[in-house]
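Trainee: Sequence:
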Amino acid sequence: MRALAAGLLCLLGGTAYAQAPVVTRLSPTRNARSAPRTTDVAVTFSQPLSNTAATLGSLKVFSAQAGGQKAGAASVSGNTLSVNPSADFKAGETVFATVTSGAQSTDGTPVTPHVLQFTTATAPAPGFFDGGSDISINNPVNVVTGDIDGDGDLDLLIRVFESMMIEVRLNTGNGTFTNGINVPVTALTSRPKLADADNDGDLDLFLVRPGSGIIIRKNNGAGNFTLTPETVVSMPGKRISNHTLGDVDADGDLDLVVANGSDIATVCLNDGSGNFTSTQEVTTLTGLGLSPDITLGDLDNDGDLDLVTTTSVTPFPSVSVRLNDGQGRFSGTLNLTSKGSGGSVVLGDVDGDGDLDLVIGNNRSDDTGGSAGNTVSIRLNNGNGAFNEAKEVPINGIIATVQLGDVDGDGDLDMAVGQFYSTTAIRLNDGKGNFSGTQDVPNITTQDVAFADVDGDNDLDLVVASTGFSRAVSIRLNRNLAAPVLTNVSPNTAPVGGRVVITGNNFLTTSRITFNGVDADSFQIASNTRLVAFVPAGATSGPLVITSSSGPSNELPFTVGPTPTVVSTSPKANALAASRTAPVELTFDRELVSSPATLASLRVSGNQAGSFGRVTVSGNKLSFSRNTNYKPGETIFTTLSADPSSNSSQVFWKPYVFQFTAATAPATGVFSGGSDPTVVANPQSVAIGDLDRDGDLDIATVDNRPGSAFPGLASVRINNGAGVFTTVGTVPVGRGPYQVVLADMDFDGLLDIFTANSNHDPGAAGTVSVRRNLGYGNYYGADQEVPVGSNPHGLALGDLNGDGKLDIVAANYTAGTSTATSTVSVRLKEDLYFATTGQEVMVGSRPLNVALGDLDSDGDLDLVTSSSNGTTASVRFNNGLGTFSGNLEVSVGFNPHQVVLGDVDGDGDLDLLTANYYDYTNPRNDYTSSVVAVRLNDGKGAFAGTQQVSVGQGARSLALGDADGDGDLDLFATNELTNSVSVRLNNGAGIFSGTQQVAVGNTPTSIALGDLDGDGTLDLATANYGSSSTSVRLNQAVGSTKVLVNAPAQLAEQVSVYPNPAHTSAWLQLPVALSKQGVQVNVLNALGQTVLSRQFGAAEAASTPELPLGTLAAGVYTVQLRTGEGLITKRLAVK
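Taking my numbering, the leading residue of the sequence shown gets 1, the next gets one more, and so forth.
No lab work stands behind these hints: they were computed from the structure. Please note: incorrect hints may appear among the correct ones.
Mimicking DSSO-like on lysine-lysine, the simulated pairs with C-alpha atoms at most 27 Å apart in a straight line are [what the hints assert, rightly or not]:
hint	residue 1	residue 2
1	K572	K1130
2	K391	K432
3	K621	K572
Could you build all of it, start to finish, from the sequences and the hints given here?
Mentor: If you want it as structure tokens, here you go:
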């Protein structure tokens, strides 16, 4: 019996022991995000392993960037098989390893094969990319990186558009490149990739040859791919779009999976020598079009590589997931829908839970001329290959590619998004899969992006292929964290509480700022080179020092004391009838230095005629003279910036922003005549400004089609100078534009177009479209889609942080699902573009617009909205840095649809007015009670009053302007139910009266004011939603005479009439500013009588027009030129 029992136990023990050893531990761990570069690769099994050649040779480690299959020493210790690579891994590279069935337990049982991957660590770095170099290449489309010549640094292979040559650039070791041996191919190719096809320890080249197969060019180990003939994995007739490599059958070599245009992925297994055989065609997303991207990764953590593809067709599911059975056979039906056509897809553990998540670049299918609604979707894995609902990261441009890598060395995977026609967006991870914006690296027409440590400092640099104007491969280096360096503080003297701007370098991880040892209570990291701080209480004169994660900076001397102070401005803040020709002057309490920084500190921007002029210093006065006169009734904003543009020793001051309104001519204030030009369908908003810079005011409108998936349009109508408008064209913008605003964002004298776009997909960000004026008046470049909150309806621009740049605020109709609150998105202007993230300011519900103005007289712009389904206006105060706070709600009455600001009582501060649609508590649903609420400011941002001005029925829009030229602001309200505009005149104290109702088109939803016929008075234009038109109604000057001011002297001096004296003809020499517009020329005799009159169009004015004088008697004449800039007078003698 004992012998039988013993035999039975032995049999049972042998049966259990014969089971295949399975993996119990991995080092580095599966999907590790920051494995040491020096790490061994170790796999521990459930049973002891045999120390045989087969087992020792079964662990294959593949580097994606250096050496392909890694050479190294293998060893067995008990249950663990490990490889110590002979060369370290590259920083931030993804490494794959396979344990094949060649590994055996001590009783000879093969192990269960297993595939793993991990990413190596990078050094701490700011994740800020600049410097580097540009490699001139004609239209590079793709770039890949890898050590192809075995010298330890990363080289570049570049595919050029429609070229049968792959360009090779070899790294010198420091991130600069020399020419290598280019690779000729026998056909046009795409999608280059590097991988070790034949397990010989170098990186071979794989290329897609559309319609026929995959080309393989094998490397000789020294970066020469030309010594052996190309190998073709034949796939005749296939619409091949992309491919990927990985050991899908776990046999220790890299296999090939090819994405075909019929949404089939073809699996081609490697025999170990680089010969590939097709074994399976995997259905992905049947019949839905091309597959832009394909990738492999272990999604269900079972030790084999699964398959992910994307499709280019929406609104169908755009991402497919197919699971591997461990032998390279794929199955499953999981298809995921993303926020657009699936483009680039990458895998990585973005939330640090040990499994691979999906990161998908989405492009909407609407052609907006920009990219409204484009996002990167983050789909988190539950560990079993199932994915949570997407988190969307808003992206400005059309997405070309997405890459993951740890750019700041904090142990998580950050993101680079290459954008066609735009920048490369860098978005940092908080470690949990939440990405936020830091930098947009400038490029033109980005085609491809790669992360690689090209300069050998162990952080990830950026390599970008750009076509279009740049035509280069750009190398942008990631700067290793060094101690911060201070170069300037401005002002270098400031009182406690004073704002200072600190410039230098290495600021991104700043944790402390001290003024002679006293910590600043608050500071703002504006960029890697710029900080903003406030002098703390208790500070005394002494050294200013900042401290970052890399240590303290050098010291800069700082004095705690008074700074230059503005004692007066001309015009005064909120002036109502400022001279159209006089300069803007700021007077200080001390003499100023005329340095470049001082001259750059003053910016003046108008909302109707751009911003271009000259700044001068005279004693204690700083002045700005605009090259053209201000338009009648135009609102002008002035910024005195504390952000110097040079390292001058000049002491600067606290930023100061104020506004004023230009005077209008005396007028009747009675509106009639005009025209009703047709515009885009369903115009929601209208704006007035000189779009073509010819001296008169043109019109821009936007269409609004609720729920439309198509792009919106801005319609441009050009003025002939007399208030008659011709059709010029349309400008594509985002979906559902609700408001259009004109502003000169780059201070080039040209008005750019901005729209708040109210339509977008659920869960996606709303956008503000930015369209730059290129100088032709009828063409705007697609600049940027700025992500904001949900359903933005209102928009305003102003310098919110006193840096001399115009920033954006957008009023968002909803805040998530809340019906009680909404938000205003604040997006500050950076160097070239607007920030893609910023403060979301809580305000009252359902705002339809937002207005900016200095409500508390502290020299910065505050904001106000009105609650269109409530009874209040929300006032939020600025702290001077563009950060808003407060909870003031001003009672105004029922349904305030629009809010405006203006000094209606002439006391020097901005008052608040709202257009109240109707009393929604009225049980009869009676719309006849529209009023304008007037709330007067006490100068400190507190509002009082009860005046409700009766207007019409269905008041939707409101504007303030001096209708009768008496120096105060009158009110204009559109009434959409009676197709009229109510005009109510001000008595100068903010009391409004009158009954004038101006008939306009159907359903007027918006109004703008400006001098449309050049007579110096304010005319009006409405956007008529119901009749798809703009109604232009003209104001009559007193006596019906035109009022023309003189053109600026410096402009008049550039006009000449020659020869002088003249005989039969004279010619006009006009400066560029006048040669782009029409000019009316009158010749007057000594009695003031007009004896000759000529009208020259823009084309004639640009070509030295001739004045025929043959009929004039000899004598001295006056030549008058009537231009959009004013009247120019010259003397002419005729012999």
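Trainee: Each hint: holds or not?
Mentor: Hint by hint, here is what the structure shows:
For the hint linking K572 to K1130, the alpha-carbon distance of about 34 Å lies beyond 27 Å, and the restraint is violated. Between the alpha carbons of K391 and K432 the distance comes to roughly 12 Å, so the proposed pair stays at or under 27 Å and holds. For the given pair, K621 sits about 14 Å from K572 by alpha-carbon distance, which is consistent with the 27 Å threshold.
Of the hints listed earlier, the one the structure fails to meet is number 1.
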